[in-house]
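Combine both chains into one complex, guided by the hints.
Just so you know, the protein sequences line up as chains A and B, in that order. Heads up, the first sequence is in our numbering, so the first residue is 1 and it goes up one at a time. Heads up, the second sequence is in our numbering, so the first residue is 252 and it goes up one at a time.
Since the hints were made in silico from the structure, they are not lab data. Glycine residues also receive a C-beta, built at the ideal position from the N, C-alpha and C atoms. Incorrect hints may have been included.
Computed list of chain A residues with no C-beta within reach of chain B, every gap over 10 Å [claimed, not checked]:
(1) 102
(2) 128
(3) 195
(4) 217
Among chain A residues calculated to face chain B with C-beta under 8 Å, some are [stated by the list, open to error]:
(5) 52
(6) 53
(7) 54
(8) 74
(9) 76
(10) 78
(11) 82
(12) 84
(13) 86
(14) 88
(15) 100
(16) 127
(17) 131
(18) 132
(19) 149
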Amino acid sequence: MSPALLELRDVSKVFGETVALAPTTLSIDDGSFVAIVGPSGCGKSTMFNVIAGLLAPDGGEVRLRDQLVTGATGHVGYMLQKDLLVPWRTVEDNITMAKRLTGRVTGPDRAEARRVARAYGLGEFLRHYPSALSGGMRQRVAFMRTLVTHQSLLLLDEPFGALDAQTRLEMQQWLLQVWKDTERTVLFITHDVDESIFLSDRVLVMSPRPGRVVADFVNPLARPRTVDTLTDPAFVDMKSRIMHLLHGGAS
Amino acid sequence: MSVAGVGGFGLGRPRARRTAERASRKVARNVGVPLLSIVLLLAVWQGIVVFFHVAPYIAPRPRAAILAVTQNWSTLWPLVLGTIRETVYGFVIGAALGLSLGVIMAKVPVLQRLVYPVLVLSQAVPIIALAAPLVLILGFSVTPKVVIVAWIVFFPVTVNVLDGLSHVDQDLLNLARVYGAPRWRTFLQIEIPATATPLFSGLKIGATYAVTGAIIGELAASDGSSLALYQEHANSNLNTAAVYGTTMLMTAIGISWFLLVVGAEVYATPWQRRTVARRTWRRAGGESDG
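Extracted from the complex, chain B is given alone in its bound form (with noise of 0.2 Å):
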């Protein structure tokens, strides 16, 4: 070929492939140093409780509360279904709405500043506030607690989208032009994936709120059984551990979800993390050509 020895001029490195031990390192400190510090704050927790004497009554010794929960767990697991379900529900809801609202945003400006401040005065009303009304309107069902996640959820979404929308680079836009693409390509080729990093941490930040809205909808609009209340029961019994137990198992639900979001979002954004392509990534039988 007349141009062998073109490609050997030494342009630059590139990033060396992960080697396994670098892999499990990365493992220990993205798993472990995380469990780490949730043993040390349980181990505060104790600290705190045994050399001040803490009353139980005030706050249990970590393992009451863990014995609290494991104890009840038949009682408690369709409760922590339920709040699941509003979670999954409401976020599934308000990150559509959120990436819908977003994308309409972006692309009619003239309604972006219509709707914006509605969205943030939306953000503005006290969530509990907002909770009565809604169990006027949509009574005690699992309705209610799916618009107050959704509601808080959709937020963050439509703030990242907009904004990740509106920073694409205008020149890779104008390539797009010189090549003559119709405009619902360039978006759905380009505007979208640009906009797959900040849509992400709209997300992350609602599911971090998720589970809170969640219980509070169950707090305002259960008639009978739910997690909140369960919590409630315990505190009006003086059940302290009970009670600290049942934060435990909410905030678990809460890192869960987030956790999972962060997956997704490994999952859905290779190109982050990996120098090459995954082997399900690429095109079937790229590998014969003449």
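With the rest of the complex left out, here is chain A (with noise of 0.2 Å):
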């Protein structure tokens, strides 16, 4: 069993009147993807922002690798839905840019970035700016660069919420071929059941009001994930269990 990468203790959050997260305590093991999945208020985008030392807890503590990091930038990848390429810069300096904010960007962090567009198929594109990519592809440009940030823990929040649902299938599936390729830990957050299974070793479901952790399931699906996958009864009966919990049925 690997040890835990990161560890939530009591953590909260209030917005005046709205417990925007309820004491949440978590253990994410190291080199797993633990998708979360839930509503629209239900505090995942909150936790997302507590661990990423945007937001500080009104409680608790956050822990990388038993190391307190409560309210501390500067420890995690992160990265939106919006892709947040800046359209001044080539795809290449857009792959660099957090060495750019955070001190010089070195000949070999440009071989890194070069590196890695070639090895993931945007290559031919390091010269090109975001206006003339895609939607899909300015999507892995973000993810590259949330990659060359050397973090252990990568922080998704719905990235592919905004494509198309073919290239979303493509996505997800390039994204589990990367995260197998470079063994990080991925918190991925979602409102797409289907996706959160496909992709995910464990699944957090949360609810709103107040905004919590209801369920954590152990995801049973074999690895590599298919298209078969989507069909498998482990599968549906997953589907089934989690969409139960979301809107309130009977389970």
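Rendered as structure tokens:
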């Protein structure tokens, strides 16, 4: 059993009258892929922002490799539904953006950016501006930018939410491939129950008012995941249980 | 490589490279059409003067106005240089002041609330009314003209920079924070480049008004030799062709300065028009790695 990479202990956040996140305790294994699914307002993005250090929690602590990082930044990779590529930089310079924002971009940094881009099919577009790329390509660049920060923990907040269904399926398979190659730990927020099961080792289901984790499923599906995974009885069973939790039906 | 083929999913096609043919059509559209509109304007002018038998002392034909400029070029050229100098100095000072004010006001909200009304007030003052006290204070030198130009130019720059800086994507700023970026680096690497487009909008507005400011300054504060006074003399001598010719000259200075600013924008913001970065913008030794 791998040791815990990330631990939340009684982490909570209140905005005015609203309990955005009730005291939450969580442990995320090193190298695992954990999906978080839940409706709007269930506190999943709040949880992400607390882990990333953008929000200070009202209570509790965040530990990364047993180091206290509550309210501190600079220790996770972070990616949103919006690709947030800067239009004035080329693909290569967007990939190295974190380095440019925290120090100098060195020759090896640029070489790594080019290597990653070539490995994942964007080698031809290194000198292009983001405006020349399709939505799926832009999200891949955004993910590469997240990868080269060399953080063990990647927080992905609905990264494929704005893509069409076809592109989304391609991106999911691509993400699993990269995850396997690079041995990172992924926390993945989504609205999409299918996506949460297809990608993960474990699914956390969250519910609003107050925002909290209401269920924690270990995903029994074998890897690698393929199109057949989507019709596997274990997949359908897990989907049914999550859907009941989310939509209030008796399970 | 274990991931060979991952890129082959066909995630949409990038925009096609601009072909030479499309580029030349673009030049024709961007240069040819504006030139045609100037020719048309001159033709309409000629047509009106001829058709309505307008007396030459009320409106000359375009050819006469142009000749009035070319035949007196040796007298006019130093005056043109003077107007250009006032315009450029005033523009540069106004742009620098406008940019600094925009940045400071965006970063210090209290100052923004305090200074903004004063800035609006400064633009509500009729420039002509401002010229007289400026001459009393600064004399007949180049300085009062430069001050008037800067006075006109800084405002659209400040307003646009302020607007641009307050509309930088908050998620992008948060991303920089997650990376652990210090605020000054975020400012230089994200906020300033994100403001390039509104900054150039302000500069272009300023450029169109800059010559007007210089001419107003010359009218109010010239000790004898200036383009504006040359026109006044021509007017009092009923030399209408020279009046029109001087106006055309002033307009030409304004248009040239505007086009120069547009050129600077095209050069400074290549991502607005290009798909692929220019070679000079690429990093040295960019092609070699493992």
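How the hints compare with the structure:
no.	hint	in the structure
1	102	violated, 6 Å
2	128	violated, 5 Å
3	195	holds, 17 Å
4	217	holds, 28 Å
5	52	holds, 5 Å
6	53	holds, 7 Å
7	54	holds, 5 Å
8	74	holds, 3 Å
9	76	holds, 7 Å
10	78	holds, 4 Å
11	82	holds, 6 Å
12	84	holds, 5 Å
13	86	holds, 7 Å
14	88	holds, 5 Å
15	100	holds, 6 Å
16	127	holds, 5 Å
17	131	holds, 7 Å
18	132	holds, 4 Å
19	149	holds, 7 Å
In the structure shown, a violation is registered for the earlier hints numbered 1 and 2, in ascending order.
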